[in-house]
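There are 2 protein chains.
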Amino acid sequence: MTRVELFENIKKKKSFLCIGLDTDLTKIPAHLLLEEDPAFEFNKQIIDATHDLCVSYKPNMAFYETEGVKGWISLEKTINYINEKYPDQFTIADAKRGDIGNTSSMYAKAFLEKMNFDSITVAPYMGEDSVMPFLEYPNKWVILLALTSNKGAFDFQTTLNGNNEALYKQVLETSKKWGNADNLMYVVGATKAEMLTEIRSIVPDNFLLVPGVGAQGGSLNEVAKYGMNDQCGLLVNSSRGIIYAGNGKDFALKARAEALILQQEMQLLLLDAKLTKLFGE
Amino acid sequence: MTRVELFENIKKKKSFLCIGLDTDLTKIPAHLLLEEDPAFEFNKQIIDATHDLCVSYKPNMAFYETEGVKGWISLEKTINYINEKYPDQFTIADAKRGDIGNTSSMYAKAFLEKMNFDSITVAPYMGEDSVMPFLEYPNKWVILLALTSNKGAFDFQTTLNGNNEALYKQVLETSKKWGNADNLMYVVGATKAEMLTEIRSIVPDNFLLVPGVGAQGGSLNEVAKYGMNDQCGLLVNSSRGIIYAGNGKDFALKARAEALILQQEMQLLLLDAKLTKLFGE
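Protein chains in written order, with the numbering used here: chain A, 1 to 281; chain B, 1 to 281.
So that you can see chain A by itself, here it is in the shape it has in the complex:
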């Protein structure tokens, strides 16, 4: 998917919501456990109930790998289902991979080619040659970790270097030479929304994937205030707050209700922002 297409979808749906498919068999409604593939059945119903309210789905690999071969089958069925039925969804393999070049090439092939995700989250620690293999696929995206939403983000990411620059800013500065706003996004945690101002000064045009709204405590208003650019430039993720909103047979409707609240907030934020006039096109 190109950046233009993603922005068109955001305008069409009046939403920059990404729904995280952190599908945990110990948390999904009990009646689904009788299905042949409970994780896929859960995902399918969540997706069918929310697809018009969001522009992106983000399955988190850990939740599938923990079920071994069965989990991998659920994952492949999920991405195939989205790609076939809702091809306008921007799909993110939340994998946080990154290894030496020939190994990153293998991961890139797995996620961007064979499973045909639009993007993959990548960890920056191993530097340029660990990231470049993912950038070689046309119209595919790297979403590089910059400033994450967890407590441990302050262990290394905010350490100041000799130039008084935090590591996450060095990651932004250095990596923007590897790609551009058409193939490189960044993970920026919502729990530090005020930091978005400085981040935007370094990467004004790149999309930011913002986790941590909802269960992790970030504020959507703050994120939009400091992070939105003239092509929106934001994908805000919510996982648990949406997909585990209900635990009965109506879980998908409950998930839709939560997604709708976020979409409605996003619609207002998009209208309030300088993007307003774009809706008049």
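Hints should not be assumed to be uniformly reliable.
Stated by the list, open to error - Cut-off 30 angstroms, straight-line C-alpha distance, at most; resulting in silico cross-link-like pairs (DSBU-like, lysine-lysine):
| id | chain 1 | residue 1 | chain 2 | residue 2 |
| --- | --- | --- | --- | --- |
| 1 | A | K44 | A | K70 |
| 2 | A | K109 | B | K109 |
| 3 | B | K70 | A | K109 |
| 4 | A | K77 | B | K12 |
For the record, the hints were derived by calculation from the structure and aren't laboratory data.
Go by the hints and put chain B onto chain A.
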């Protein structure tokens, strides 16, 4: 596996060799492609031919994930085969995972519990709460990335902070409070063997997993000179140099020949070092 058991195996086999199972279907001998599970058949023959010369096997997840469900089946068969037939091998899931706490817990369950690997490689970028879930398993190990063997290691890992300390040293200093020499090892690239002196001053007792000997150009003598401690403290990995030594029906014998060369060098290094007398026990 405990540290004592690992050291006993090193003494018994006179080897600190780890063999990387980077099993690539485009590189294995053509006759194996007729097998039902070529990757597993390749691994099985490599393992049977080399197990007495090494103390550790390290399947690299990327090479299995790139084959999807089939690859995951090959991986599970491989780890089960090693655990059943050669339980004295220290098994490493080379996965370079790391995510927020609840997600890292899922990865830990996948690799350390369900597949029962002894250890997993973990990326440090997301800090303490991304690493701790892996340390909760008794007699299991985190192998944390410190200084990797690729060119990109110099993008961020060697950046000096305000205290004039390279990031990889900060990772060592900070992370050694999270675990200890009985559950925490570090990845240190062999291409910078002289840096091992400083690394040893920070983590004198921890085992170091050293990739990059062979295909990536590191020297085994240098690694032993600067990195060995009184319990050996080293696992030196070779992947492509061993497993792709041959490409015919005798590929496993060729792999054994390459592994033997490294084991023999390691035996001399262990005898030369202060570990000599330990062999007299």
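May I ask which of the numbered hints given earlier this structure violates, with the numbers listed in increasing order? Structure breaks hint 4 only.
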